[in-house]
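Undergrad: Here is how the chains run, residue by residue.
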Amino acid sequence: MTAAEGGGRARCRALTAKGERCRNPAGPAGLCARHEQRLAEVAADAAATDRAGAETAGGPDAEVAEALAPFLGWAEEALEFLRRRLTGDYQVDEFGYDPDLVRHVLAPLLRPLYRYWWRVEVRGLEHVPDAGAALVVGNHAGTLPFDALMVALALLDEHPAHRTLRMLAADLAFTMPVVAPLARKSGNTLACSEDARRLLEAGELVGVWPEGYKGLGKRFRERYRLRRFGRGGFVEVALAAGAPIVPVAVVGSEEIYPMLANLRRVARLLGVPYVPVTPTFPLLGPLGLVPFPSRWVIEFCPPVETAGLGPDAVLDPMVVFDLTDQVRDTVQQTVYRNLATRGGVFL
Amino acid sequence: MTSATGRRILVTGAARSTGRRLVTALARDPAVASVVAVDDARPPEPFGAKVEFLRVDLRSPAVVRALQSTGVDTCVHLGVTAEPLAAGGRASMKERNVLGTMQLLAAAYHAGDLRRLVLKSSTAVYGAAPGDPAVWGESMDPGTPRHGFGKDSIEVEDYARSFDRRRPDVAVTVLRLANQVGPTVDNPLTRYFALPVCPVVFGFDPRLQFLHSDDAQAVLLRAVLGPAAAGTFNVAGDGVVLLSQAIRIAGRPSLPIPEPLVSSVTELLRRTVDFSPEQVRYLQFGRVADTTAAREELGFSPARSSLAAFEDFAATRLHRLVTQERVDRLERDALAALRRAAGWLSGGVGT
Chain Y
1 MTAAEGGGRA
11 RCRALTAKGE
21 RCRNPAGPAG
31 LCARHEQRLA
41 EVAADAAATD
51 RAGAETAGGP
61 DAEVAEALAP
71 FLGWAEEALE
81 FLRRRLTGDY
91 QVDEFGYDPD
101 LVRHVLAPLL
111 RPLYRYWWRV
121 EVRGLEHVPD
131 AGAALVVGNH
141 AGTLPFDALM
151 VALALLDEHP
161 AHRTLRMLAA
171 DLAFTMPVVA
181 PLARKSGNTL
191 ACSEDARRLL
201 EAGELVGVWP
211 EGYKGLGKRF
221 RERYRLRRFG
231 RGGFVEVALA
241 AGAPIVPVAV
251 VGSEEIYPML
261 ANLRRVARLL
271 GVPYVPVTPT
281 FPLLGPLGLV
291 PFPSRWVIEF
301 CPPVETAGLG
311 PDAVLDPMVV
321 FDLTDQVRDT
331 VQQTVYRNLA
341 TRGGVFL
Chain F
1 MTSATGRRIL
11 VTGAARSTGR
21 RLVTALARDP
31 AVASVVAVDD
41 ARPPEPFGAK
51 VEFLRVDLRS
61 PAVVRALQST
71 GVDTCVHLGV
81 TAEPLAAGGR
91 ASMKERNVLG
101 TMQLLAAAYH
111 AGDLRRLVLK
121 SSTAVYGAAP
131 GDPAVWGESM
141 DPGTPRHGFG
151 KDSIEVEDYA
161 RSFDRRRPDV
171 AVTVLRLANQ
181 VGPTVDNPLT
191 RYFALPVCPV
201 VFGFDPRLQF
211 LHSDDAQAVL
221 LRAVLGPAAA
231 GTFNVAGDGV
241 VLLSQAIRIA
251 GRPSLPIPEP
261 LVSSVTELLR
271 RTVDFSPEQV
281 RYLQFGRVAD
291 TTAAREELGF
301 SPARSSLAAF
311 EDFAATRLHR
321 LVTQERVDRL
331 ERDALAALRR
341 AAGWLSGGVG
351 T
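So the sequence lines, in the order shown, correspond to chains Y and F.
Quick note: the first sequence, position 153, residue 153 per the numbering used here, numbers continuous.
Quick note: the second sequence, position 43, residue 43 per the numbering used here, numbers continuous.
Mixed in with the good hints there might be a few duds.
As the list claims (entries may be wrong) - Some chain Y residues close to chain F (C-beta under 7 Å, calculated; not the full set):
| id | residue |
| --- | --- |
| 1 | Val64 |
| 2 | Leu68 |
| 3 | Pro70 |
| 4 | Ala170 |
| 5 | Phe174 |
| 6 | Asp195 |
| 7 | Glu201 |
| 8 | Thr330 |
| 9 | Arg342 |
Derived by calculation from the structure, the hints in this document are not laboratory data.
Since the structure is predicted, the reported quantities are computational estimates derived from the model, not experimental observations.
Yeah, the Cβ is synthetic: ideal placement off N, Cα and C, and Gly gets one too.
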């Protein structure tokens, strides 16, 4: 109708009502004053049409407009997001967490996996506090840390307070190109006591997977048998901050990449902890990277309070050992229970 | 403060931008009786009244005489440089930074009237590595041996601390400043953002902190003229800016360089940017320092956040290629086109 591509630099880019090029000199926006005004009117009209369409259901026009409305809304949001990205108009926190990116790009990318591929069922969300610091501690499996991502998405989407899980990740993540900035932007930081303490003191919900690579990279035949929970560093951090520990048990992650063997020599060559051989990888090449569609159950367990023990408890190794074992046991028992009641692995 | 006649202050590195502005501001203050400005380069314009300029190297005996004879009560050491090329090579840079400080502090040890030492250090002491904690506190140990400017700064700070032990009557304030930006600042990082295309390490997007030059001057003035506050303080604008974000605010396109090629690109840019190797690591891994101590113990909060400081620098110094207006216009055009398409679709199907 009005604006079209092309036109000289100094001339207006729009076409006149007769379909000829407008010959008026262009303003700063590349349009002459008349067409700029016209464009604004058209935009306002279109917006009004959308609204009218949404309000008065019925009639083929309105139906199509209604069907298009969500798409338009989505496009509007996407364009707005792109503008913010192109001009640097967003804010990350001191750890590099970028809520804008998570909301508009990362979470939407993971959501189909969560809902339709792994059909995650979440239990015990009421054990995660609505506000304030807490340490979420879970089992770790599946070669790639999808279990951590799914727990984070469960808390973001399904928890009533839509909490962001700030996870503590292995240092390898921060040396790898592309992965390093994504890890930070999605709210994670290095697994060290300084960072964990700082996050808990700021009242954040912190996630930790104490088994680390030993849990992630275990063979399929050892599935759901939890490894050692580190040296209990997570308990010390929780004790120092007086934050409750919320154990979380994930069932389903072990089957996404069933690891039959570990190519140790290749792993050493590449400087990574393991290179898995699964039924499809490396046999099918990149296609082998598609995870198996197992059914998942994520259960948050009742919190273990640490505030009552006082900050001096950190100095007592026995308290730390006991709490570490208690948390590990809770996760292990919950995993076994949910395994028994899950039914089929894939259906 | 110390005497009825007013403060006597010696400033090293006085001919460079931070030093010049500090000396001018100090000379304007009624509480200051005199300023001895020391540098081995001549300032672009001469200093005003109350300022005595000594064009000498820190390692020369003239500095010893100046420190000991004129009853200097405060020494402000700004003479640590981060630019190897400007200093005449890395070896010469180290010589000036570390040996210069040694000589200055050796002379200061015998300066009987000295009550305060202010050292301008840098958050570069923390280095930049993937295994670093997200936020550095002053008491955390950066650990691993480092090189270049960061290592110089660590050694200079070590000399200052050992001086602190030997002269308990002197309050030693160490200010670890984040990278300065501002309308008149000229350093490797400001020159980097002024490049037509900003090279970045592929797959990395570090967190950076900036300190506006006005805030840098304010904190130095606070340390020199305010109540004595001994200790080490990180000073940076609030918040962080990602490198990608900074490049977009600067309105530059970025050019990702795969990690193995980074050192050759740095070599190519050496003449214009004068990066030392650890500054390249900084642009790969970034660093953030905790400024709580400066706020609570020194009572200093910067007027500008990291983002605001960088925006001021970009607005006053850079000609943006990608401007806010152009992006806004694109967004408007795309939206209008979408709406038209939607209008056409719903109209066309209906009839």
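Undergrad: Hint by hint, say whether it matches the structure.
TA: Hints versus structure:
1. Val64: holds, 4 Å
2. Leu68: holds, 5 Å
3. Pro70: It is violated, given that the least Cβ distance between Pro70(Y) and chain F is near 11 Å, above 7 Å.
4. Ala170: violated, 10 Å
5. Phe174: holds, 4 Å
6. Asp195: holds, 5 Å
7. Glu201: This interface hint is violated because 11 Å lies over the 7 Å limit.
8. Thr330: Violated - the Cβ of Thr330(Y) stays beyond 7 Å from chain F, reaching only about 29 Å at its closest.
9. Arg342: Interface hint status for Arg342(Y): violated (37 Å vs cutoff 7 Å).
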